[in-house]
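First to last, the protein sequences are chains E and A. The opening position of the first sequence corresponds to residue 1 in full-length UniProt numbering, with each subsequent residue numbered one higher. The opening position of the second sequence corresponds to residue 1 in full-length UniProt numbering, with each subsequent residue numbered one higher.
In short, the hints are calculated from the structure, not lab data. Predicted, not measured: the structure shown is a model, and the values here were computed from it. Do not take every clue at face value.
Heads up, simulated DSS-like pairs for lysine-lysine below, C-alpha to C-alpha not over 30 Å straight-line [to be verified]:
id: 1; chain 1: E; residue 1: Lys599; chain 2: A; residue 2: Lys58
id: 2; chain 1: A; residue 1: Lys84; chain 2: E; residue 2: Lys456
id: 3; chain 1: A; residue 1: Lys84; chain 2: E; residue 2: Lys459
id: 4; chain 1: E; residue 1: Lys146; chain 2: A; residue 2: Lys58
id: 5; chain 1: A; residue 1: Lys83; chain 2: E; residue 2: Lys522
id: 6; chain 1: A; residue 1: Lys84; chain 2: E; residue 2: Lys325
id: 7; chain 1: A; residue 1: Lys83; chain 2: E; residue 2: Lys599
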Amino acid sequence: MKNIVVAGNGMVGYKFCEKLLARQKEGLTDGGQFSLTVFGEEPRPAYDRVHLSAYFSGTSADALAMAPASWYADNSIDLRTSQCITHIDREARTVTTHTGQVVAYDTLVMATGSAPFVPPVPGVQKDGIFVYRTIEDLEAMLAWGKRATRAVVIGGGLLGLEAAKAALDMGLETHVVEFAPRLMPRQLDEAGGAMLRQKMEELGIRIHLSKNTAEFEGYDRVTGLRFADGSVLEADMVVISAGIKPRDELARQSGLAVGPRGGILVNDLLQTSDPDIYAIGECALHNSMIYGLVAPGYDMADIVATQLLTGMSAKTFAGFDMSTKLKLIGVDVASFGDPFCEQIPHRTIVWEDRLAGVYKRLNITEDGKHLLGGILVGDAEAYNMLLQTSKNRMVLPPTPEDMLLPARKGDTSSAGAGVMALPDEATVCSCEAITKGTICTAVTEKDATNILAIKKCTKAGTGCGGCVPMLNDLITETLKAQGKIVRKVLCEHFDLTRQELYDLVRINGQTTYAEVLAQYGKGCGCEVCKPAVASVLASVHNQLVARQAVIQDTNDRYLANIQRGGTYSVVPRIAGGEITADKLIVLGEVAKKYNLYCKITGGQRIDLFGARVDQLPYIWEELIDAGFESGHAYGKSLRTVKSCVGSTWCRFGVQDSVAFAVELENRYKGLRSPHKLKSGVSGCARECAEAQSKDFGIIATEKGWNLYVCGNGGVTPRHAQLLATDIDRETCIRYLDRFLMFYIKTAEPLQRTAPWLDKLEGGMAYLKSVVIDDVLGLNEQFEREMDYAVATYQCEWKSVVDDEDLRGQYRHFVNASDTDDTLAFVPNGRGQQQPANW
Amino acid sequence: MVTEFETPETLSWHVAAPISAFPTDGGACVKIGERQIAVFNFSHTGEWYACQNMCPHKMQMILSRGLTGDQNGEPKVACPYHKKTFSLCTGENLNGDDYRIETYPVRVEAGMVYVGL
Ligand code: SRM
Ligand SMILES: Cc1cc2nc3c(=O)[nH]c(=O)nc-3n(C[C@H](O)[C@H](O)[C@H](O)COP(=O)(O)OP(=O)(O)OC[C@H]3O[C@@H](n4cnc5c(N)ncnc54)[C@H](O)[C@@H]3O)c2cc1C
Ligand code: SF4
Ligand code: FES
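Construct the complete structure from the given sequences, taking the supplied hints into account.
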């Protein structure tokens with residue numbers, strides 16, 4: 001029996017245990033049994049430090065755990081948390097902890113990681129100055145941040161920017177101070193750093209470059225930073241993220257060789273100067289390198305685990321690629337391979353779009369055959385592909401600059417098929433060192449045909465998650481190559497795509513969820529397929545969603561948007577944003593009567609917030625009496641058609657945009673679709689209605705209207721694309737009928753028009769041929785179906801208000817007339833109320 | 001509140017509401033004493049379930065308004081706010097978070113639904 005002791009239960013220490021067990025299961029043992037004891041100084045088992053910032057957005061400490069404490073016990077691992085090893089007796093081969101526990105080892109694995117480097121600046125011990133490494137650090141930051149107003153992060157590297165985003169999300173005014181003349185100096189060149197700076201400033205983070213902190217000001221709590229150039233920056237919270245310092249103190253004290261600037265020296269087998277002691281992860285110094293990333297640490301863990309169990313040293317550590325993609329900060333940033341190529345002769349291709357904030361650089365060999373490395377800022381979608389192309393020394397296409405251009409809309413050939421060109425040995429998931437070959441085998445032989453199954457089967461994608469898009473492409477392409485059609489089925493209850501279900505329901509005429517489930521599905525359904533089927537039923541039959549309330553998402557169930565605290569909002573339709581004074585007065589009176597918070601929405605209408613569920617029918621009754629109707633703010637259906645004032649008042653207007661917007665809004669109101677639909681009509685090219693950011697947008701010309709489709713704001717803003725030019729009113733409406741019906745029939749659940757168009761084979765050219773040239777021969781049917789939807793429109797709220805049964809659903813308790821006594825409001829400081837914080 | 005049955009354990013059964021008060025394949029909230037309890041029925045299996053109405057994620061009184069369904073046969077409810085799903089048998093969170101809710105036994109007799117607390 002061999003005693004293995006691990007010092008440090010961080011990400012790499014944990015991975016070592018996992019790899020050891022895996023190798024044992026694979027039967028790689030040379031027969032020897034081992035006992036495993038793990039010491040961790042932190043109070044909890046190893047957690048995912050890479051996703052530490054998720055703690056700020058509510059992910060619990062337990063959810064971040066790499067494995068629960070029971071996992072160690074179940075696998076006979078003796079895990080001792082809150083135990084710091086303070087002494088190694090290399091003669092007696094024992095370790096001693098700060099509480100005096102002594103354990104003997106045959107092999108000791110040091111996985112002590114690193115600590116944040118804290119520069120010895122005067123005043124650094126003051127209250128309010130933090131580092132960013134452990135859950136305890138974050139807890140302390142959260143507590144302090146509640147009373148702080150301005151945070152300064154020292155360090156503009158990977159971790160510093162992540163810390164800055166966290167501070168910003170805490171609602172603090174956030175500054176980043178960097179010593180170097182640019183952000184992320186180790187990963188980005190000057191132009192890339194400048195672009196990143198612009199992006200960070202757009203997010204609201206202020207950047208100060210070439211600043212050397214000379215002193216922290218304040219009595220016992222920090223009040224500001226004084227820089228070497230004499231300038232001062234006030235702050236009541238500081239986060240230091242100036243780099244890492246390997247935790248080699250234990251090794252040093254035990255006489256193991258350490259590097260001149262820190263780090264436990266290891267050879268290619270990851271042995272320290274004592275062959276019975278290994279060092280892995282961020283504490284290890286290999287070939288003058290400290291690797292501050294998980295992937296190389298995991299690789300080291302695997303190598304040592306294999307060595308210990310097989311007694312063989314077939315695998316050695318050969319250094320690691322430092323390619324990185326920054327996560328979580330709201331800006332895509334990546335660098336891969338050799339981003340600078342300072343030593344190697346090369347050619348550089350650069351693409352820069354300042355307006356969009358995109359900078360890309362590729363370094364290629366002088367003969368143009370191979371990719372050496374590069375930098376991506378603002379759009380890192382191509383990261384995985386480029387990284388693999390450079391790592392595998394794949395031969396480049398004759399026009400490598402194509403790889404830099406933004407993905408062409410509707411060009412479906414590019415990304416997906418590209419992954420299949422990679423060799424089988426290409427590492428797709430670097431955290432877990434999983435190759436393309438392993439993934440493809442899992443798909444073909446182990447039937448792992450979705451991302452969850454792949455994660456379970458191969459562990460790929462379970463680390464930083466950066467490879468997930470590529471995994472998805474690989475699954476799809478492998479299945480396609482096998483001749484299997486890849487279908488995006490709804491969920492475990494329906495082996496059908498939304499489009500298939502739509503067609504079946506249209507042909508066979510089911511009208512309820514129960515019928516659809518009985519005919520085509522299995523089990524009891526779930527929160528995914530119920531609303532999806534509800535949407536299909538509503539699109540096909542245009543029936544009242546309130547009649548099947550229990551299959552609707554909550555907003556559709558109560559025909560109102562649920563808010564923090566459990567109240568709902570009321571949004572009446574104000575077509576085109578046009579409203580009379582009398583109606584404005586009614587809104588004001590109703591709001592006053594029910595004490596509702598009022599706000600003008602981003603969609604040119606008025607939202608009344610804070611209604612109790614039982615008040616909704618009464619409020620709507622009053623609104624309907626005054627001539628209002630539902631605004632469908634709760635539904636996956638048409639929201640608003642925004643308008644600008646247009647030619648009736650505006651000196652530049654060339655058409656009556658308000659009248660057209662009102663007409664379109666009234667035509668398509670209530671139309672149920674896979675996702676929400678938004679529109680805008682502008683009276684001239686100045687585009688005050690922002691029509692080009694809408695699912696369909698119309699801009700007046702001297703001769704008629706230009707029709708744009710498939711734009712959106714939201715998470716990934718997209719400009720709509722021109723479908724037709726200078727068309728008249730009737731043509732515009734017909735094109736819209738066809739376009740909308742085609743989308744409603746063929747999109748996936750919750751897919752908006754822009755991503756739908758992206759996936760549409762043939763792209764915009766094909767869409768035009770359908771809508772304008774009728775290549776499918778379906779336009780007549782599309783128009784008929786739309787006319788039916790328009791003719792059968794009913795105001796959902798009127799139907800509810802007029803129906804006693806439906807009204808009866810609007811109560812908090814079914815066995816008491818009481819209201820929910822947990823609802824609570826506080827003044828918002830501007831004369832209205834808001835829900836108490838949750 | 002009427003206590004109708006006593007079982008050997010200290011469980012006592014409380015009247016919730018008549019069956020007709022509950023939507024088929026959906027949930028509704030009942031008040032028992034000062035407590036809010038969410039009650040669900042599944043027509044597919046004929047089973048009834050009850051749990052606390054409060055979602056432990058953001059402490060919202062809401063679970064009765066969640067969509068119900070099953071995950072590999074395990075009955076569950078999804079919170080309307082952020083779609084965290086909970087087993088109606090064990091109360092365990094099914095998304096891998098460590099939230100947990102209380103579940104209670106339900107009994108249906110002569111058209112009346114009872115919850116055991
Ligand atoms: C009320 C409003 C904010 C405001 O006070 O101004 C709003 C509120 C919400 N928006 Fe919005 N959005 C509002 C205008 C917008 C706009 C601006 C616009 O329409 O011109 C956008 C960007 C334009 C766009 O959609 O392309 C917008 C993009 C989103 C998105 C992102 C959509 C995307 O495709 O990425 C979501 C999330 C979603 O729908 O999945 C969203 C979701 C939401 C939800 C429904 C989130 C939710 O489920 O609770 C919010 C509901 C609050 C409520 O109960 O009323 N909201 N939202 C605006 C209502 C407009 C209206 O009168 O109906
Ligand atoms: C906010 C943040 C974001 C990050 N993002 C990324 C990213 O996107 N991608 C990426 O690749 N990497 C990222 N990293 C880096 C990554 O977390 C580290 O590379 C990884 O955690 C290193 O693992 P480790 O086990 O070597 O060290 P650690 O995780 O630091 O674990 C070492 C453990 O050993 C314990 N220990 C030390 N000395 C002793 C002792 N004497 N006795 C007992 N226990 C001891 C420590 O308390 C610690 O728990 C990030 C790090 C942070 C802080
Ligand atoms: S942007 Fe929209 S979804 Fe986000 S907080 Fe504002 S209203 Fe809510
Ligand atoms: S409040 Fe229930 S999931 Fe967030």
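Exercise. If you check each hint against the structure, which ones fail?
Worked result: Violated hints: none at all, because every hint is consistent with the structure.
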